[in-house]
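Chemist: Make the full structure from the sequences, and use the hints.
Chains as they are written, first to last, in the working numbering: chain A, 5 to 116; chain B, 5 to 117.
A portion of the hints provided could be inaccurate.
Unchecked claim - Reference excerpt, derived from the structure (chain B facing chain A, CB under 7 Å, subset only):
| # | residue |
| --- | --- |
| 1 | G44 |
| 2 | M45 |
| 3 | G46 |
| 4 | L47 |
| 5 | G105 |
| 6 | Y106 |
| 7 | F108 |
| 8 | G109 |
| 9 | S110 |
| 10 | G111 |
To be verified - With a cut-off of at most 27 Å between alpha-carbon atoms, the simulated DSS-like pairs for lysine-lysine come out as follows:
| # | chain 1 | residue 1 | chain 2 | residue 2 |
| --- | --- | --- | --- | --- |
| 11 | B | K61 | B | K13 |
| 12 | B | K99 | A | K56 |
| 13 | A | K60 | A | K103 |
| 14 | A | K64 | B | K99 |
| 15 | B | K75 | A | K103 |
FYI, nobody ran anything at the bench for these hints, they're computed from the structure.
Everything numeric in this text was worked out from a predicted model, so none of it was measured.
Yeah, the Cβ is synthetic: ideal placement off N, Cα and C, and Gly gets one too.
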Amino acid sequence: GNSVTQMEGPVTLSEEAFLTINCTYTATGYPSLFWYVQYPGEGLQLLLKATKADDKGSNKGFEATYRKETTSFHLEKGSVQVSDSAVYFCALSHVQGGKLIFGQGTELSVKP
Amino acid sequence: NAGVTQTPKFQVLKTGQSMTLQCAQDMNHNSMYWYRQDPGMGLRLIYYSASEGTTDKGEVPNGYNVSRLNKREFSLRLESAAPSQTSVYFCASRKQGTDYGYTFGSGTRLTVV
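Modeler: Structural data, given as structure tokens:
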């Protein structure tokens with residue numbers, strides 16, 4: 005079946021450090037891939053997405069590239085800010101099936 | 005510009021009590037979903053409704069029922085609450101046939117004592 009695996013958290017970084025959160029997936033066919041972010045006390049917001057192999061999703065300085073050969077969609081940011089502290093979820097879905105399957109989430113804490 | 009609205013935001017129930025979580029969306033989306041979020045487990049799908057008039061079980065449906073009242077509203081009912089149902093519940097919607105991703109509500113934090 006379809007599944008998503010994320011790196012374990014929590015991740016603690018200093019402001020302006022480089023961020024990588026690993027995400028790998030198992031899926032049939034060609035799913036769409038997403039990163040969602042959840043700020044404290046809030047719901048999930050779509051951060052970025054990619055719909056086919058080699059696509060790069062980007063938003064607010066975050067990037068992730070859809071790598072079909074390694075079934076990965078790692079999230080990166082060159083210089084994190086305190087305001088990036090949140091829980092990040094990697095997810096996949098198929099346009100036809102529609103169900104969104106989540107990884108377990110990675111908590112990021114950025115210290116000044 | 006409401007998006008997905010969930011009520012209530014917080015609820016405490018005693019074991020065995022029943023309640024209904026309400027969800028409404030104003031984006032004319034076809035599909036709606038109920039997830040629960042538990043620490044270290046991400047979000048797990050409880051039930052979903054691909055279109056008005058249809059509902060299907062997700063990964064963890066036991067102890068829950070749903071109603072797709074119309075295109076806008078999708079409610080989740082706990083008939084006899086148990087402590088294992090203590091969780092944060094999220095409703096989401098999506099326009100069928102797109103890859104736009106989901107729009108989520110702000111969640112209902114439920115505690116069963």
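Chemist: Hint by hint, note whether the structure agrees.
Modeler: Checked hints:
no.	hint	in the structure
1	G44	6 Å, holds
2	M45	6 Å, holds
3	G46	4 Å, holds
4	L47	5 Å, holds
5	G105	4 Å, holds
6	Y106	6 Å, holds
7	F108	4 Å, holds
8	G109	6 Å, holds
9	S110	4 Å, holds
10	G111	5 Å, holds
11	K61(B) to K13(B)	24 Å, holds
12	K99(B) to K56(A)	19 Å, holds
13	K60(A) to K103(A)	22 Å, holds
14	K64(A) to K99(B)	24 Å, holds
15	K75(B) to K103(A)	18 Å, holds
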